[in-house]
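Just so you know, the protein sequences line up as chains Z and C, in that order. Take the first sequence: its letters are residues 1 to 52, numbered as in the numbering used here. Take the second sequence: its letters are residues 1 to 289, numbered as in the numbering used here.
Just so you know, the hints here were simulated from the structure itself, not pulled from any lab data. One thing to keep in mind: the hints can contain errors.
Unchecked claim - Covered stretches of chain Z, going by a simulated chain C footprint (3 or more residues, C-beta under 8 Å):
hint, segment
1, 19-29
2, 32-42
As the list claims (entries may be wrong) - Covered by chain Z, per the in silico footprint, the following chain C stretches (three or more residues, Cβ under 8 Å):
hint, segment
3, 6-15
4, 24-32
Said to hold, decoys possible - Straight-line C-alpha distance at most 20 Å; calculated SDA-like pairs for lysine to any residue:
hint, chain 1, residue 1, chain 2, residue 2
5, C, K267, C, G282
6, Z, K50, C, M38
7, Z, K40, C, T25
8, Z, K40, C, Y37
9, C, K6, Z, Y19
10, Z, K40, C, V24
11, C, K6, Z, G28
12, C, K6, Z, N17
13, Z, K40, C, K6
14, C, K6, Z, K50
15, Z, K40, C, A28
16, Z, K40, C, V27
17, C, K174, C, K156
18, Z, K40, C, R186
19, Z, K50, C, K267
20, C, K6, Z, V21
21, Z, K40, C, Y26
22, Z, K40, C, Y33
23, Z, K50, C, M36
24, C, K6, Z, L23
25, C, K6, Z, I18
26, Z, K50, C, G282
27, Z, K50, C, K126
28, Z, K50, C, E43
Since we're looking at a predicted model, the values are computed, not measured. Even glycine gets a Cβ: it sits at the ideal position worked out from N, Cα and C.
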Amino acid sequence: MSPNGQTVGRKIVTLDNIYTVLLAVAVGAALVSVLFVAYKCYSQYGTIFKIP
Amino acid sequence: MSTLTKILIVLLTVFSIFLCGIVVTYVANANNYRQMYMGLRVEKDSAVKKEESARNELNTFKDETDRHKRQLNSTIDSLKSQANQLQRDLQTANAEKDDAIRRMSSWEAIVMDFSKTTDSQSQLLKNTLDELEKLRAEQIKKDKELKQTETTLLEKMVIISTLDKKAKRLLEEKTELQNRLNQLLRQYGKIAAPAVPVTPKPEKARTTSVARNIGLKGRVTAVDQKNSMAEISIGGAHGVTEDMKFHVTRGDEFICDILILDVDAEKAVGILDLVQQIPKVGDNASTNL
Chain Z
1 MSPNGQTVGR KIVTLDNIYT VLLAVAVGAA LVSVLFVAYK CYSQYGTIFK
51 IP
Chain C
1 MSTLTKILIV LLTVFSIFLC GIVVTYVANA NNYRQMYMGL RVEKDSAVKK
51 EESARNELNT FKDETDRHKR QLNSTIDSLK SQANQLQRDL QTANAEKDDA
101 IRRMSSWEAI VMDFSKTTDS QSQLLKNTLD ELEKLRAEQI KKDKELKQTE
151 TTLLEKMVII STLDKKAKRL LEEKTELQNR LNQLLRQYGK IAAPAVPVTP
201 KPEKARTTSV ARNIGLKGRV TAVDQKNSMA EISIGGAHGV TEDMKFHVTR
251 GDEFICDILI LDVDAEKAVG ILDLVQQIPK VGDNASTNL
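Given only the sequences and the hints, what does the whole structure look like? Please build it.
Below you can see the structure in the form of structure tokens.
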């Protein structure tokens with residue numbers, strides 16, 4: 001990533017990858033939540049955005 | 001990467017996970033309002049139908065109730081009129097009852113007076129009957145005496161008729177003799193003096209009592225030795241009179257005499273006299289031996 005990381009060694013890269021994973025996890029959790037909510041809306045009301 | 005960015009990434013991740021968990025949990029536990037809406041709509045439709053049917057029933061019930069009410073009102077009116085009529089009938093019946101009670105009281109008094117009058121009339125009738133019996137007995141006695149008198153009168157009439165014929169014949173003979181005497185004396189210038197009866201003037205005719213047997217026969221019906229009295233089975237209806245004497249016999253045996261003191265229609269009571277033996281019930285009692 002940054003030149004500082006390359007100079008410090010593999011430990012800094014690992015730490016940056018952790019934060020990337022954390023961001024991925026956060027995005028995945030949000031995505032899963034949206035999908036779950038959309039599924040529930042469609043199964044219960046037959047539509048996702050319209051008010052029946 | 002700066003420290004602030006790292007902190008923001010960590011916080012973003014934590015809050016994302018937390019909020020996503022909350023959202024998933026809420027959505028998973030949320031109510032199915034569409035299903036609830038459908039159920040409530042079905043219930044509402046059924047309730048509306050029920051309301052309609054209930055309204056129809058209510059209207060029908062109201063109509064029927066009104067009809068019943070009218071019928072009951074007419075029935076109440078007729079019953080009121082009947083009650084009034086019955087009230088008037090009751091008043092009339094009460095008045096009639098009071099009148100009947102008053103009449104009953106008056107009739108009771110009348111019946112009591114009538115009973116007393118009937119008792120007195122009965123007693124009077126009894127006394128009259130007794131007197132009638134006595135009078136009948138006396139009448140029988142008088143009839144017997146009348147028959148006897150008539151017989152005697154007929155005998156006397158026959159005697160008087162015979163005597164009249166004799167007197168007439170003697171008068172004719174006297175006249176003839178007078179004429180003859182006058183004819184004889186006229187030759188000598190004399191005339192016969194008027195005849196003077198030698199026999200005394202006849203007095204008022206008197207009947208001679210002809211003794212005869214009475215011939216009454218009876219039986220001794222009761223004996224009172226203590227008072228020396230006895231009762232016989234014949235009385236005034238058979239011709240028994242007071243002071244008449246009856247001879248009591250038993251077979252050919254003389255027992256005593258009974259001197260009659262009291263006479264009833266069918267019996268007579270007398271005192272014992274010339275008692276040879278004590279008389280018994282059933283002994284013969286007769287006026288002639």
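Hints broken by the structure, by number, lowest first? 13, 14, 17, 18, 19, 26, 27 and 28
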